[in-house]
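Below, each chain spelled out in residue letters.
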Amino acid sequence: MAAPKVAVVGAGVVGLSTALCITETCPSCSVTVLSDQFSPNTTSDVAAGILIPHTYPGTPIHVQKQWFKETFTYLFAISNSAEASEAGIHLVSGWQVFKNTPKEELPFWSDVVLGFRPMSEAELQKFPQHRFGQAFATLKCDCPPYLLWLEKRLKATGVQMYTRKVADLWELHSEYNIVVNCAGIGAHQLVGDEKLFPVRGQVLKVHAPWVKNFIRDGDGLTYIYPGIHRVTLGGTREKEIWSLSPDSGTTKDIFDRCCSLEPSLRGAQDIKVKVGLRPSRWCVRLQREVLSQGGVKLPVVHNYGHGAGGFSVHRGTAKEAARLVGECIAALQGSSSRAKL
Amino acid sequence: MRVAVIGAGVIGLSTALCIHEQYHGLVPSLEMEVYADRCTPHTTSDGAAGLWQPYLSDHGNLQETLWNKETFDYLLGHLGSPAAKEMGLFLISGYNLFTQPVPDPSWKNIVLGFRNLTPKELELFPGYSYGWFNTALMLECRSYLPWLTNKLKQRGVKFFHKKVESFQEVSADGMDVVINCTGVRAGELQPDPELQPGRGQVIKVLAPWVKHFIITHDIESGIYKSPYVIPGSEFTVLGGIYQHGNWNEENSAQDHKTIWENCCRLLPALQKAKIVEEWSGLRPARPWVRLERETLRHGHFQAEVIHNYGHGGFGITSHWGCAMAAARLFGSILQEKKLGSPPQPRL
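Protein chains in written order, with the working numbering: chain S, 1 to 341; chain E, 342 to 688.
The set of hints was computed from the structure by calculation and includes no laboratory data.
No experiment lies behind these values; they were computed from the predicted model shown.
Don't be surprised by glycine CBs; every beta carbon is placed ideally from N, CA and C.
Honestly, I wouldn't trust all of these hints.
[Said to hold, decoys possible] Looking from chain S toward chain E, a few residues come up when the C-beta cut is under 10 Å (computed):
#, residue
1, 36
2, 37
3, 38
4, 81
5, 84
6, 229
Turn these sequences into a full structure, and let the hints guide you.
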């Protein structure tokens with residue numbers, strides 16, 4: 001196959017990074033990104049983009065750790081380079097605090113982030129309601145900058161991007177040889193995946209440039225993540241709620257919870273409210289599938305269902321998806337050469 | 342009792358406030374005046390980034406370490422208060438980098454979470470093989486000095502924008518106590534060969550992605566001669582200049598080049614940062630801080646002077662501990678005046 005035509009559906013962090021990985025592992029591929037939304041209107045744009053993994057119950061821990069490590073290493077190199085500010089990648093340190101000592105004091109990712117250690121008594125004094133904590137430094141991907149940087153790199157390698165609502169993957173079978181499904185929450189409708197469900201998250205993005213450290217409550221519900229221009233205050237985890245409209249009661253609740261962790265936030269200005277639907281799943285769906293109708297086959301690689309951990313594992317899953325695309329190409333070449341015999 | 346404070350940098354204003362807070366209730370007619378030829382935002386304090394961090398070694402000046410600790414604890418206590426933002430006070434974490442292992446600093450237990458850097462963290466800083474990470478405080482004087490000024494004015498303290506040419510000039514006005522917080526130019530009021538300018542230059546840039554301070558050290562060259570990057574609430578300060586004995590307050594093109602090249606090598610992303618301002622200032626350097634009393638006599642007049650100057654590059658770091666020490670000296674003056682003042686003759 002001369003130049004396999006690959007369509008990547010979805011232009012969030014997973015779609016764009018997957019497209020980029022495909023161009024890296026398969027330079028002869030012609031890659032096109034199709035999405036009904038691009039930055040700044042993707043789910044990724046709502047997220048803070050902090051690299052603190054979410055645990056998927058259905059994926060082996062060593063696999064999740066590998067994905068996280070690959071992602072961290074990749075972003076670490078960018079944060080250290082002249083491109084860091086354009087790519088929106090920056091180092092941020094802070095604390096994860098717990099009201100009650102967690103069962104697992106050492107999360108699987110503790111040796112991937114930097115300088116992970118328990119908080120000292122003096123540090124905990126800043127959080128009178130919390131009894132235990134962990135201090136570390138990690139990376140943050142600010143969006144839109146990171147997505148725009150990925151788009152720029154894709155365009156530089158000749159990748160085309162089109163705004164298009166794909167209603168059914170099969171509709172692409174005549175134009176493309178392989179389809180990569182990075183539709184995130186859209187996969188619920190696109191491929192009818194009932195196992196995929198939204199976990200609604202509302203966040204506030206505020207102007208509080210004196211906040212230099214992140215603070216996260218170990219329950220995952222309250223967090224403060226300083227970005228380049230804004231601080232993300234969160235949040236909520238509402239299962240099976242599809243509404244994208246901000247709720248004002250929730251806004252006040254988030255603000256109050258964050259102010260109790262960091263009182264100086266009372267002086268925050270210009271509060272913007274955003275809502276995103278985490279594309280949640282028991283495990284990330286990262287696998288091949290072959291769709292066929294009337295003897296015609298369409299190889300598909302699924303890469304969706306990253307839930308609350310998209311940024312933390314995006315590069316690792318993108319590389320795996322690119323590898324699966326490579327397998328699809330090999331399979332297509334195998335069958336086409338067999339057809340010639 | 343009339344008190345004149347000379348100098349309106351961080352030392353002058355905090356000393357004024359400390360004394361006024363402690364003694365205004367005790368001394369019925371405490372009248373305080375602040376004299377300064379330069380006020381915020383034109384003081385030496387205003388140019389500093391505002392990071393609380395002492396020098397690496399206190400050279401046995403245990404007292405300075407105590408002042409530093411008092412200051413840190415005082416500021417830490419204010420962190421959760423609504424005033425913090427107005428004061429320009431916030432927590433900040435960061436890195437101190439070395440090319441060789443060094444002993445832990447005197448302040449390791451004052452700051453929060455002090456630890457050595459891991460090998461992976463050192464990968465962020467090629468050329469540096471050893472370092473520390475800790476959480477400290479920023480106190481931005483362009484907010485703190487106006488905050489102090491407001492508090493003083495609310496208490497009825499009067500401000501005079503003028504250059505005081507001599508102690509006599511101020512004490513002739515019937516001032517009982519003069520607090521000398523004149524910083525690098527204290528020698529103009531009373532010669533002090535120990536006091537020298539430690540000239541510094543900084544470039545202020547827009548680099549909001551930088552969330553940590555990064556201070557490099559070159560043990561051979563000495564303090565502040567190695568690049569540093571300190572992110573503030575609005576701008577990031579790039580520096581690394583210390584010229585002992587240089588009184589020039591003009592920006593130097595050579596120093597600009599040194600700072601820019603060194604800081605961009607340290608943090609390549611800074612190449613894209615927009616330069617907003619450049620500033621030079623004179624650290625009031627002295628082998629140790631002059632914090633002591635002196636009785637000045639001329640003719641019939643006598644004035645008690647409390648000297649509080651010579652804080653070099655750690656004025657913000659030590660200011661409150663020094664203000665408290667100055668207040669104690671003020672207290673001892675009050676004691677003497679009570680004990681020493683003769684009873685009124687009966688007419």
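Hint by hint, where does the structure go against what was stated? Just the numbers, ascending.
Hint check: 1, 2, 3 fail, others pass.
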